[in-house]
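**Q** With our numbering, the residue at position 15 of the sequence shown is 15, and numbering never jumps.
Hint data in this document are derived by calculation from the structure and do not stem from the laboratory. Accuracy of the hints is not assured; some may be wrong.
Claimed, not checked - Calculated pairs, DMTMM-like style, for lysine to aspartate or glutamate (alpha carbon to alpha carbon, straight line, at most 25 Å): (1) 28 - 40; (2) 28 - 48; (3) 28 - 92; (4) 28 - 79.
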Amino acid sequence: MSLRPPRKFTKELDPLSAALEAEVLAEKAGTLARLGTRLEHRLARLREFEECGGADADRRAALLAEAGEALWHVVIQRELCGLRNSAQFYRDYCVPRAVILRMGPNLRR
1 MSLRPPRKFT KELDPLSAAL EAEVLAEKAG TLARLGTRLE HRLARLREFE ECGGADADRR
61 AALLAEAGEA LWHVVIQREL CGLRNSAQFY RDYCVPRAVI LRMGPNLRR
């Protein structure tokens, strides 16, 4: 014999749980938007550097590390939001392969 809690405690009928869940989803979406904007700025800085010649290898490595860390943050937040497939995201944001390969914490700080 199984024991079930009363129906009044189910998630669908609890207005406080629904309000809290809506608040959490709004925060996740807001964070994802902010991180996406940060990634766009990092990618733009890298693109500008490469368009100007990009002869300084140390500067390029630093920009790649910054962009890789920003990409890492976005990918983690996307996964928290339930968005698992990143291939289309990489194409939409025009993320260079070099940035994808350096995705992770920036150890150059």
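**Q** Each hint needs a verdict: does it hold in this structure or not?
**A** Outcome of the hint check:
1. 28 - 40: The hint holds at about 18 Å.
2. 28 - 48: violated, 30 Å
3. 28 - 92: holds, 20 Å
4. 28 - 79: Judged against 25 Å, a Cα distance of about 10 Å means the pair holds.
In the structure shown, a violation is registered for the earlier hint numbered 2 alone.
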